[in-house]
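**Q** The listed protein sequences derive, respectively, from chains A and B.
Residue numbers 6 to 214, in the working numbering, belong to the letters of the first sequence in order.
Residue numbers 6 to 214, in the working numbering, belong to the letters of the second sequence in order.
These aren't lab readings, by the way, just hints derived from the structure by calculation.
Some hints could be false.
Identical copies look the same in the list; a pair holds intra-copy or inter-copy alike.
Using 30 Å as the maximum straight-line C-alpha spacing, the simulated DSSO-like pairs for lysine-lysine come out as follows [what the hints assert, rightly or not]:
id	residue 1	residue 2
1	LYS52	LYS179
2	LYS52	LYS100
3	LYS106	LYS52
4	LYS179	LYS100
5	LYS179	LYS106
Number of protein chains: 2
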Amino acid sequence: MRLADQRFVDLLAAFRSPDPTPGGGSASALSGAVGASLLAMVAALPKPRAQHADDEGRLAAARESCTSISERLVALMDRDSEAYDGVVAAFRLPKGSDQDKQARSSRIQEALRQATETPLEVMGACRDAIQGAADVAALGNANASSDVEVGLELLMAGLRGAKLNVAINLGSIKYQDYVDTATARATQLEAEAESGRQAALRLLPASNR
Amino acid sequence: MRLADQRFVDLLAAFRSPDPTPGGGSASALSGAVGASLLAMVAALPKPRAQHADDEGRLAAARESCTSISERLVALMDRDSEAYDGVVAAFRLPKGSDQDKQARSSRIQEALRQATETPLEVMGACRDAIQGAADVAALGNANASSDVEVGLELLMAGLRGAKLNVAINLGSIKYQDYVDTATARATQLEAEAESGRQAALRLLPASNR
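Please construct the entire structure, taking both the sequences and the accompanying hints into account.
**A** Structural data, given as structure tokens:
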């Protein structure tokens, strides 16, 4: 069963259990999924400030995009737990002979790489939703600006949580080129998200800021 | 049915729907519940750094406290939506006669107060979990520090999201004494949470920072 198909109380119990998955990586994707859903709600509320067909189209596109991002993040909740389980499985491989050791080390490196790519995707999904928040902030119902801001908080928390998971895995990866590329990518995604967040906040109705 | 008794995918669909509840207030409580659950998980992991009975007791107490805080936040998810529905219901009361108008205005003020108290409780619950994070950071399994950090991110996002909901409701409350007291309380809770977060981060094993 997908994590997201569980009742939320059962999902919380799974996070609380001493099993390492689901852990912080899946929780980060979850946070982003809720944040993107809040933005989709604001884009769907009656009495939007969008007046012209053009603006209505942009708001409808933002709604659709945030909905699909929240579904992407739901899938990434499972992917992150699977990736972590892959790392644990690789560490448990036999290390008797030199050949064993070499095979194990190469499987560990491959698994760590997968466990890095997944939170990078979570970061990308959160960044995309945050960049779409500008249209929601500018064109959505003016009374829902706190929902836009809460959505941004949860998306930024998801993005930063995913970045911590990128960093922790990179700490054990030996291919320096990959480490450098992934580090630069994570830094860039966070910077893009932060400017997207600020752009969206500037577009919220002044009375609610 | 409690919000948290729904499957997580259905809960996301409820956040995305154009109905105003559940909205940002319930989403903030949700984020805090996941954050507190991650801290409870780290406190429960094998190979803690707690060595003495005293430390083991502190870690067990942190686990129990984070578990109970996450349950408090689950209840607050519903309470926040009910409080918002109460505000909407009060605004829909008749306003024909002067007596109607006065009764309606007093019901609105009472409902807004309830809609302010609930996110203040969410802030308090998140602050409590963040203050408990120090013991988890200092005594929990050293390999789970990214889970502690993600937990703190989600708890801070929940706390800040709740603070936005306090502010939006206070904007319509007429009793200045209450506005001043609640504003001061929210500011204090955020400050206490922020120092708790920093204290916990300082106690994480250096290799993972």
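**Q** Each hint should be assessed against the structure and marked as holding or not.
**A** Hint check:
no., hint, result
1, LYS52 to LYS179, "between (54 Å within a copy, 26 Å between copies)"
2, LYS52 to LYS100, "between (64 Å within a copy, 22 Å between copies)"
3, LYS106 to LYS52, "between (64 Å within a copy, 25 Å between copies)"
4, LYS179 to LYS100, "within (18 Å within a copy, 71 Å between copies)"
5, LYS179 to LYS106, "within (15 Å within a copy, 71 Å between copies)"
Hint violations for this structure: none, all hints satisfied.
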